[in-house]
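Asks: Sequence:
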Amino acid sequence: MNANMKTDVYMRDREAAIKLTTDLVRIPSVYRGEGVPDGNETKVATYVANYLRSLGIETHVEEVVPGRPNVIGIVDSGKPGKTLLFEGHTDVVTEGDPAAWTYDPFEAKIVDGRMYGRGTNDTKGNLACMITAVHSILQDKESFTGKIILCIPVDEEGMMIGIKHFIEQGWADGVDGAIICEPEENNVCIAQRGAMRIRADVYGKMAHGAISWSGINPNWRLARFIVELEKLEKEEQARLGEDPYLKWPSITPTIVQAPVKGDAQINVIPDQSMTTLDIRTVPAQDHEELLRKIEAIIEKLKEEDPDCQIELTVLDNRPATDTPKDDPVVQAVYDAVESVTGEDPIYNGVPGATDGTFLHMHGIPIVTIGGGDRDIPHQINEYIDLEDLAVTTAIYREAALRFLNEK
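Take any residue in the sequence shown, count from 1 to its spot, add 12: that is its number in my numbering.
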């Protein structure tokens, strides 16, 4: 930490970020399914909206689906200029078995300079930092031009319906740069792996296991398909090499199921089997081209075996992102990290997709940065170091002022 940054402002903001993180973590916001009481983001979104209003920030609440509201904060300088967007989601993943945690997952327990709890790291801590940073700018009456948007959506951990709704409602129009607030050890992440989720259904004919010739076993076809996908993964890795920030593209079969419906029996050939594919891509890959390669595998298998019937369903399609180092939002964040920490910033990439993926698709340059260990999200005993909250708040504050006041 740069010694000259431990000012009264820094310590004030540190205390505020810790307090806000504590309050947010203590409001469970796991999405537990439609109709489950308190099993959504309503309570935490309501708290955030009221908190923003208490700071004098123009606040909008929009329900994406029942019980799942986005919160949008607007800070307008009243002067013409650029628009900067901060994004941090309100939902968290399941805590799993609470008994497996050392401390209650929703207590926000502080021990030896760390706060433990679900969402401390991903990403309520960083959400608190972005709000505190903007509040700090307002408290100190810092001069800036243009506008800051606080985008606080639901469902980042799911199908990202919150950010999609935010964009559909026009809030992202005219945004010049976005800072995605995720736990990245305050590395300046300028790339993200893309994601394609695909379901492959393989059809056969049900029969007695002892009379296999009277049926068509979809499992043989599914096995051959998976083996061919492994070959394709290796071909793509050899073709593209290791990405400097994102490592290797991957094709990962996750769920394998047979039969798809009904009870499984050891002496029954199922009429259908399926697998799901979690495909992660790098910016050099084209999703449509990759999909054509997978379809070509199916055509090859059909030529070799007329009984091979495989149908693909694309469940999700999020391209990889890549923001140039010389983009103004990247430069503002890079310079802010250098100023606050007194160290050379580290460029890096995000191994998964974020809400920033859809902002990127909307034409907005994005950079992902935030406090917290990159390997901690979704784990039991999730935590964040308290000093990370202070440093991240200072980085967000400095980045906003640099970006908006750039001539």
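Honestly, the hints are just simulated from the structure, not real lab data.
There's no promise every hint is true.
[To be verified] Cut-off 20 Å, straight-line C-alpha distance, at most; resulting in silico cross-link-like pairs (PhoX-like, lysine-lysine):
| no. | residue 1 | residue 2 |
| --- | --- | --- |
| 1 | 31 | 121 |
| 2 | 94 | 312 |
| 3 | 243 | 217 |
[Stated by the list, open to error] Beta-carbon label-pair distances, calculated as ranges:
| no. | residue 1 | residue 2 | range |
| --- | --- | --- | --- |
| 4 | 185 | 392 | 38 to 44 Å |
| 5 | 152 | 51 | 21 to 27 Å |
| 6 | 124 | 24 | 39 to 45 Å |
| 7 | 116 | 21 | 19 to 25 Å |
| 8 | 31 | 246 | 15 to 21 Å |
| 9 | 223 | 390 | 43 to 49 Å |
| 10 | 112 | 311 | 19 to 25 Å |
| 11 | 252 | 90 | 43 to 49 Å |
We put the beta carbon where it would ideally sit given N, CA and C, even for glycine.
Asks: Against each hint, give a clear statement of whether it holds in the structure.
Replies: Verification of the supplied hints:
no. : hint                  : in the structure
1   : 31 - 121              : holds, 12 Å
2   : 94 - 312              : violated, 52 Å
3   : 243 - 217             : violated, 28 Å
4   : 185 - 392: 38 to 44 Å : holds, 41 Å
5   : 152 - 51: 21 to 27 Å  : violated, 39 Å
6   : 124 - 24: 39 to 45 Å  : violated, 23 Å
7   : 116 - 21: 19 to 25 Å  : violated, 33 Å
8   : 31 - 246: 15 to 21 Å  : violated, 50 Å
9   : 223 - 390: 43 to 49 Å : holds, 46 Å
10  : 112 - 311: 19 to 25 Å : violated, 47 Å
11  : 252 - 90: 43 to 49 Å  : holds, 48 Å
Hints 2, 3, 5, 6, 7, 8 and 10, counting from the list given before, are not met by this structure.
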